[in-house]
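Undergrad: The listed protein sequences derive, respectively, from chains A and B.
When you line the first sequence up against my numbering, it's residues 1 to 343, in that order.
When you line the second sequence up against my numbering, it's residues 1 to 343, in that order.
Just so you know, the hints here were simulated from the structure itself, not pulled from any lab data.
Watch out, some of these pointers could steer you wrong.
Just so you know, same-sequence chains aren't split out, so a pair can sit in one copy or run between any two.
Unchecked claim - Below 30 Å or equal to it, Euclidean Cα-Cα: the simulated DSS-like pairs (lysine-lysine) are: (1) Lys243 to Lys47; (2) Lys112 to Lys325; (3) Lys112 to Lys21; (4) Lys295 to Lys214; (5) Lys325 to Lys47; (6) Lys3 to Lys336; (7) Lys262 to Lys47; (8) Lys28 to Lys255; (9) Lys262 to Lys214; (10) Lys295 to Lys85; (11) Lys74 to Lys157; (12) Lys28 to Lys342.
There are 2 protein chains.
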Amino acid sequence: MSKQSQQQNFVHQVIGHNKQKHRLVPQKAQGTGHAPVNIALSKYWGKRDAILNLPTNGSVSISLPGLGTETQIKPLIDSNERRDKVSLNGEILDENNPFAQRVSAFLNHFRKDKNSFFDVITVNSVPTAAGLASSASGYAALVLALNDLFEWQLADKELSLLARLGSGSASRSLFSGFSVWHQGQQEDGLDSYAEAIDTQWPEFCVGLLEIDVKQKPVSSTQGMQNTVETCALYQAWPEQANKDMQVIQNAIQTKNFTTLGKTAEHNALTMHATMIATWPPIVYWQPESVEAMHKVWQLREQGVEVYFTMDAGPNLKLLFLETEKPAVKQAFADIKILEPFKQ
Amino acid sequence: MSKQSQQQNFVHQVIGHNKQKHRLVPQKAQGTGHAPVNIALSKYWGKRDAILNLPTNGSVSISLPGLGTETQIKPLIDSNERRDKVSLNGEILDENNPFAQRVSAFLNHFRKDKNSFFDVITVNSVPTAAGLASSASGYAALVLALNDLFEWQLADKELSLLARLGSGSASRSLFSGFSVWHQGQQEDGLDSYAEAIDTQWPEFCVGLLEIDVKQKPVSSTQGMQNTVETCALYQAWPEQANKDMQVIQNAIQTKNFTTLGKTAEHNALTMHATMIATWPPIVYWQPESVEAMHKVWQLREQGVEVYFTMDAGPNLKLLFLETEKPAVKQAFADIKILEPFKQ
């Protein structure tokens with residue numbers, strides 16, 4: 001089965017297209033969706049199935065309020081060009097733009113027929129592809145917009161499955177607060193989806209240190225593939241990542257911040273270690289990233305309980321409780337502090 | 001058997017003390033030794049036996065001419081203090097100095113009786129403990145000085161075995177040019193020693209980028225132990241390191257610089273990856289280290305064939321052939337270039 005038909009098949013199973021043929025007929029003038037970005041506390045790095053975006057391990061994340069993607073989608077009518085019209089942050093993208101191509105490839109699964117195209121308007125409140133997971137909120141918002149346009153009324157599980165097909169970490173961007181993405185075992189990928197973790201933790205803070213918001217040099221997809229293929233150390237990652245996920249889930253449930261922080265930082269550094277040991281090396285770190293890490297460790301030595309995590313990019317995300325906010329602000333003048341449970 | 005007696009036993013086997021009791025009687029007024037520092041091209045990281053300094057994998061190195069340690073040793077007479085007198089770079093060290101303590105612990109294996117102490121004068125032409133392997137040249141020079149003082153007339157193999165007991169990488173600091181340290185299999189450690197590789201490569205250059213010459217925050221010994229104990233990724237290291245060692249040995253013999261450079265850089269990054277994935281994290285990198293790495297990768301993209309390696313410290317050592325010297329000098333104004341085969 002081709003990649004296209006394997007994915008199509010997956011989509012049809014999720015939206016129930018085979019039973020109800022009208023599932024791909026728009027039910028209203030336009031659909032809208034909004035989704036937050038999420039920061040993984042234990043990371044997704046490596047696919048066991050690149051076509052269905054099935055991960056080698058589960059992961060846990062925290063969504064960030066106020067940062068995310070807002071998407072509107074409607075059928076494209078009266079257009080001479082036989083392609084989707086995709087705009088990002090107010091700019092209409094040309095057909096060679098990689099973002100537009102990726103969105104259109106995803107939308108291929110949702111066309112009524114060969115002549116149906118979409119008009120997609122996407123606005124990110126985070127820089128695109130800078131390690132702040134704009135693709136996660138992007139695909140989650142797009143799936144929510146499609147769900148609205150077609151009036152599927154899908155449950156969270158199905159929405160997460162569809163978002164995952166667009167971008168693995170998008171599976172976790174449908175929820176506020178903490179989420180867990182289950183690795184799943186099935187070949188059909190229908191058991192690999194994310195769920196909200198039902199814990200409110202008002203004191204929990206995330207601090208964003210934006211080191212560099214340029215487009216990253218190696219995409220996550222390419223980076224993962226190179227790591228799996230050339231990094232000898234990677235073989236130990238999936239098992240360790242699953243252990244970390246379990247520890248972090250327990251730490252969330254028991255509100256054990258120390259365990260959460262240590263495990264999240266160790267997990268992120270372990271993921272970056274697998275990248276660093278890849279050939280050619282994938283070093284997302286900038287000099288300022290390393291400077292900030294050393295500063296975090298200095299703060300800890302001084303008794304300030306702050307940890308960091310990093311996604312596939314140079315930026316650090318600090319994790320701390322409300323009591324440490326003054327110390328963190330003093331140490332990092334430009335930090336942007338978010339309180340995920342105080343919206 | 002205690003650590004002390006296990007090491008003593010090893011020393012006696014190497015110097016043949018049990019057969020000839022006068023092996024620990026000084027034969028002249030003083031002994032002298034000089035040894036170069038060495039840069040590992042495939043690294044030593046992890047001990048299978050911490051008492052005898054037996055490595056989990058073999059390694060290959062290049063010695064640097066003009067940088068190393070000069071040591072003089074003589075019996076200490078007319079001293080009231082019942083301890084060795086150790087001076088480093090012109091300064092007499094007090095008894096709490098860790099370097100002096102480590103040297104004295106090593107010298108314990110070479111005392112005729114409980115009342116014999118030594119006067120040791122060590123001069124390093126490299127900063128101490130800054131990732132420039134001063135302990136390697138230090139123990140190699142000390143062993144050569146002892147060999148001179150006691151007139152053992154040991155062969156290179158035995159000298160290497162003794163130096164290894166002082167500091168693993170010292171086993172490789174007895175030779176000029178390339179050396180290989182065999183991992184060895186025996187429990188007694190008598191097959192884990194280094195040998196010179198008989199290849200002259202006049203075009204081979206090493207460039208030293210001194211990022212930071214401060215004492216490093218975590219010693220290699222402590223770093224290795226923490227890595228082995230807490231880094232899940234480490235399990236893949238010994239096998240990969242032995243493969244790299246083999247590839248580099250072949251590359252030296254066939255003078256395949258590209259293979260040597262790539263493998264050495266990948267090996268060093270893999271070692272640092274195991275440190276980074278250790279808890280607490282061991283990040284010897286400074287912001288300037290990362291800046292220099294990115295600069296090396298930029299140079300390669302521009303067609304300049306230069307690679308780097310790094311030991312347990314923040315400094316980069318660049319590897320390139322003579323033809324690239326102008327380009328490397330232009331990119332790195334402060335680089336110190338050494339030509340190991342042009343003395």
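Undergrad: Each hint: holds or not?
TA: Hint by hint, here is what the structure shows:
1. With identical chains, the CA atoms of Lys243 and Lys47 are at most 30 Å apart both within one copy (17 Å) and between copies (26 Å).
2. Taking the shortest alpha-carbon separations for Lys112 and Lys325, neither the intra-copy value of 51 Å nor the inter-copy value of 62 Å comes in at or below 30 Å.
3. In this assembly of identical chains, Lys112 and Lys21 lie within 30 Å of each other by CA distance solely inside one copy; the values are 9 Å within and 95 Å between copies.
4. With identical chains, the CA atoms of Lys295 and Lys214 are at most 30 Å apart both within one copy (23 Å) and between copies (18 Å).
5. When the C-alpha separation of Lys325 and Lys47 is checked against a cutoff of 30 Å, the pair qualifies neither within a copy, at 37 Å, nor between copies, at 42 Å.
6. Proximity of Lys3 and Lys336 under a CA criterion of 30 Å is satisfied in neither setting, with 41 Å inside one chain copy and 53 Å between copies.
7. Taking CA atoms no more than 30 Å apart as the test, Lys262 paired with Lys47 passes in both settings, with 25 Å inside one copy and 26 Å between copies.
8. Taking CA atoms no more than 30 Å apart as the test, Lys28 paired with Lys255 passes in neither setting, with 44 Å inside one copy and 69 Å between copies.
9. Taking identical chains as interchangeable, the C-alpha atoms of Lys262 and Lys214 lie at most 30 Å apart whether they share a chain (28 Å) or sit on different chains (28 Å).
10. In this assembly of identical chains, the alpha carbons of Lys295 and Lys85 never lie at most 30 Å apart, being 45 Å within a copy and 40 Å across copies at closest.
11. Taking the closest pair of Cα atoms, Lys74 and Lys157 come within 30 Å of each other only inside a single copy of the chain (24 Å); across copies the shortest separation is 78 Å, beyond that limit.
12. Taking the shortest alpha-carbon separations for Lys28 and Lys342, neither the intra-copy value of 34 Å nor the inter-copy value of 79 Å comes in at or below 30 Å.
Consistency note: the structure conflicts with the earlier hints numbered 2, 5, 6, 8, 10 and 12.
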